[in-house]
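Student: Those sequence lines, one after another, are chains Z and V. So that you can map any letter, position 168 of the first sequence is 168 in the working numbering, and since no number is skipped, the others follow by simple counting. So that you can map any letter, position 105 of the second sequence is 105 in the working numbering, and since no number is skipped, the others follow by simple counting.
Don't read these hints as lab results, they were simulated from the structure. Watch out, some of these pointers could steer you wrong.
Claimed, not checked - Taking lysine-lysine pairs in the BS3-like style, the calculated list, with each CA pair at most 27 Å apart, reads:
(1) Z:Lys332 to Z:Lys220
(2) Z:Lys220 to V:Lys220
(3) V:Lys309 to V:Lys359
(4) Z:Lys220 to V:Lys332
(5) Z:Lys373 to V:Lys220
(6) V:Lys373 to Z:Lys332
(7) V:Lys332 to V:Lys220
There are 2 protein chains.
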Amino acid sequence: MPDVSNYQTPPVDELNKGLGPMTAPWPVSSAAGEGWSLLDEEVSLPTAVLYESRLDHNLRWMQQFVRTYGLQLAPHGKTTMAPKLFRRQLDGGAWGITVATAQQALVAARHGVPRVLMANQLVGKRNIEIVAGLLDAPGFEYFCLVDSVDGIVQLARHLAAHGGSRPIHVLLEIGPTADQSGSRTGVRNDEQLDAVLGALREHHAHVRLAGVELYEGVLKEEGEIRTFLRRAVAITRRIVQDGGFARPSPILSGAGSAWYDVVADEFAKAEVGVPVEVVLRPGCYLTHDVGVYRAAQAQIQQRNPVAAKMRGGLQPALQLWAYVQSVPDADKAVIALGKRDAAFDAGFPEPALHYRPGKGPDGRPVPSPAHWKVTGMMDQHAYLSIAEGDDIRVGDMIAFDISHPCLTFDKWRHLLVLDDDYRCIDLVHTYF
Amino acid sequence: MPDVSNYQTPPVDELNKGLGPMTAPWPVSSAAGEGWSLLDEEVSLPTAVLYESRLDHNLRWMQQFVRTYGLQLAPHGKTTMAPKLFRRQLDGGAWGITVATAQQALVAARHGVPRVLMANQLVGKRNIEIVAGLLDAPGFEYFCLVDSVDGIVQLARHLAAHGGSRPIHVLLEIGPTADQSGSRTGVRNDEQLDAVLGALREHHAHVRLAGVELYEGVLKEEGEIRTFLRRAVAITRRIVQDGGFARPSPILSGAGSAWYDVVADEFAKAEVGVPVEVVLRPGCYLTHDVGVYRAAQAQIQQRNPVAAKMRGGLQPALQLWAYVQSVPDADKAVIALGKRDAAFDAGFPEPALHYRPGKGPDGRPVPSPAHWKVTGMMDQHAYLSIAEGDDIRVGDMIAFDISHPCLTFDKWRHLLVLDDDYRCIDLVHTYF
């Protein structure tokens, strides 16, 4: 395992989709200067773009929200897996970056993220070895979840075999109780809890308990979620009383992108007998969307007093641009944008802007007609329903808003960052 | 635009998921020798694997099928976007490689594919520039589709502006008629057909008609598909009579992975007055699956006399291996495999093999119980329904068969090629 910080970002590969012309492979550092113009068709479509002004707004918005509650932010990095965006989140005040897998933890560490919360169990010899290699690096902090005796035993065994590692710090994952409406991982009852706490005591040499964690997003109702959160606080209090944490201020962590306000509200007032470090982990706020997360955010703006008072809400910062490829029927256009380019599991992409190339320097994209809808997608195509007589032609460019940023980011190895004139001012690499 | 063949494959990036340990970035050529053992947990799971013996079988099977009909094979490369697999398809006798986009054409050309059929319209300035750069390379052949006057006018305009390019060779795309049950792109009636043929005559300096194409997979019934295919043959015959092709033997192309036998049957007997070059384009046969394409292939084995006589059928050659991450309930396990790792739009992954690490050198994976089913997926997790008392533990490895290879390949930047002992004997890069 190489040193934690020796990673050399590979150059931009000209064979990736959605890029402009390059005369040779680029070092990432020089990508910012190229200034490709989207509207002058200097970029191969389809392409995925981030709007700098909106990214910046969203970044500040969430950091301010969390700061108002006096809590910490560890944005879920799995959403973007873009180290340049991790850097901006950290520079904006984030406590650390959350990830979902050992590979994602490695990507973050190699790009200089000093503190990684892996909001998942760490399972499997090679995955544990990857993390053990990182633990050896001074100044790098890592946490993962545990919810079973088997998992703890394996962690201890593989860490012992690896040799030389510092002990691993873990958070106890709490799952909803059997009478609640959903669940994923996590201890669900007292019997499981006692078994896991026992295993942690037994394997203290290699595995240290640093806090308590949950993911409330498997439940659908605020009341249930509050009950769940209070149970996590009560368990934290009990473990404090029993002296079970290997850290003076245990971590208490929760919150996806849909209920972070409720988690903030409950955890900010948690009383467990010692100070706690509350860490929230939303990920989708950075780009937001016009689907599932817009709907969730609208609820948050209504029910949460802090969010309601803040200037503006989150803005959709990620769009896909694609060409009209064919207009074979009066009521249908075929767009060169497919399931390989956009998330489609939480609603199809939604047309937002329409632009006909060649309009000259004063031409700007205009809002696309409200009746244009994506009605189906194939691997490389989308069907757009239009009305007879609509002014739409082969070669027109359409910008699509999206629903579900995570499953859109992972379809792109690079995304373009655009200024307000639709010129590329940066590229972000992703690591999926 | 650099010379068509000057591409340097970047080294294997250790930050990609599903790999084993590397002490430094690897040149691709050396990846074959590492011999990671999947069963000894030398690979970070989840990982995507191809089984060499099955790949080889499928490769030969389809080439033999097409050869028996005396036709040509241009496998759809969009499925895998793996140039190493393109090379094997070409070495096995393929006429060329089919792609869906300009970027995919670039990937193929840069990796030495001499003949690319882009089974799509080529739209947009930058996309046309990419292809124009390739057309300048001697010995490289490229075809794309046209179905509109606007598309032809744009092709001609951007090619003229690019300067120096040879003319582009196109196939006329035929779409189903209005009374048929589905459609995507393609000319659907005589009026569109006449307009497109007129535009082709007008722009003959830059755009040359090389053949006729269709994609029958938008229809669902054999009878309709045969009608559609015969219409394409009739249109081809008419264009031959009118002297409309810029090639003595026009190309006649069709066939996705579900109806290639029917297309072979119809096109092999096509009489258009001159010899035709029939090119079939299935893509999913190489890895096959246990979902949509297994069902389609079962139909083919039943209805097609050539397929029925051939030894064996296609075999599922692509699996995903993942860990059991948590078993919070007696009837449910949570698997560390998500929507980011596997296609989920045509059925969830299906458990196939079960293995408990540490069984020693004689341990082999065993078929997983038939009642294990994936019941839901999140970004990074799958829910597996099990029965009370099943022998399943955190840290167990499960191999999943998949449905829809295309949307599984595109979630992996590298796939491992395994021998029959589950050792890695090669890596294939993908370019999505």
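Student: Quick one, are Lys220 of chain Z and Lys220 of chain V close enough, alpha carbons at most 27 Å?
Tutor: violated, 39 Å
Student: Going straight from one Cα to the other, do Lys373 of chain Z and Lys220 of chain V come out at no more than 27 Å?
Tutor: Holds. Lys373 of chain Z to Lys220 of chain V sits at ~24 Å (cutoff 27 Å).
Student: If you draw a straight line from the CA of Lys332 of chain V to the CA of Lys220 of chain V, is it 27 Å or shorter?
Tutor: Violated, at roughly 37 Å.
Student: Take the C-alpha atoms of Lys373 of chain V and Lys332 of chain Z, compute the straight-line distance between them, and say whether it is at most 27 Å.
Tutor: The given pair, whose Cα atoms are some 38 Å apart, is violated under the 27 Å limit.
Student: Decide if the proposed pair is consistent with the structure: Lys309 of chain V and Lys359 of chain V, CA atoms, cutoff 27 Å inclusive.
Tutor: Violated, at about 41 Å.
Student: Measure nothing beyond the straight line between the CA atoms of Lys332 of chain Z and Lys220 of chain Z; if it is 27 Å or shorter, mark the hint as holding.
Tutor: Answer violated: Lys332 of chain Z to Lys220 of chain Z is near 37 Å, above 27 Å.
Student: Compare the distance between the alpha carbons of Lys220 of chain Z and Lys332 of chain V with 27 Å, and conclude whether the hinted pair is satisfied.
Tutor: holds, 20 Å
Of the numbered hints given earlier, the model fails hints 1, 2, 3, 6, 7; all others are met.
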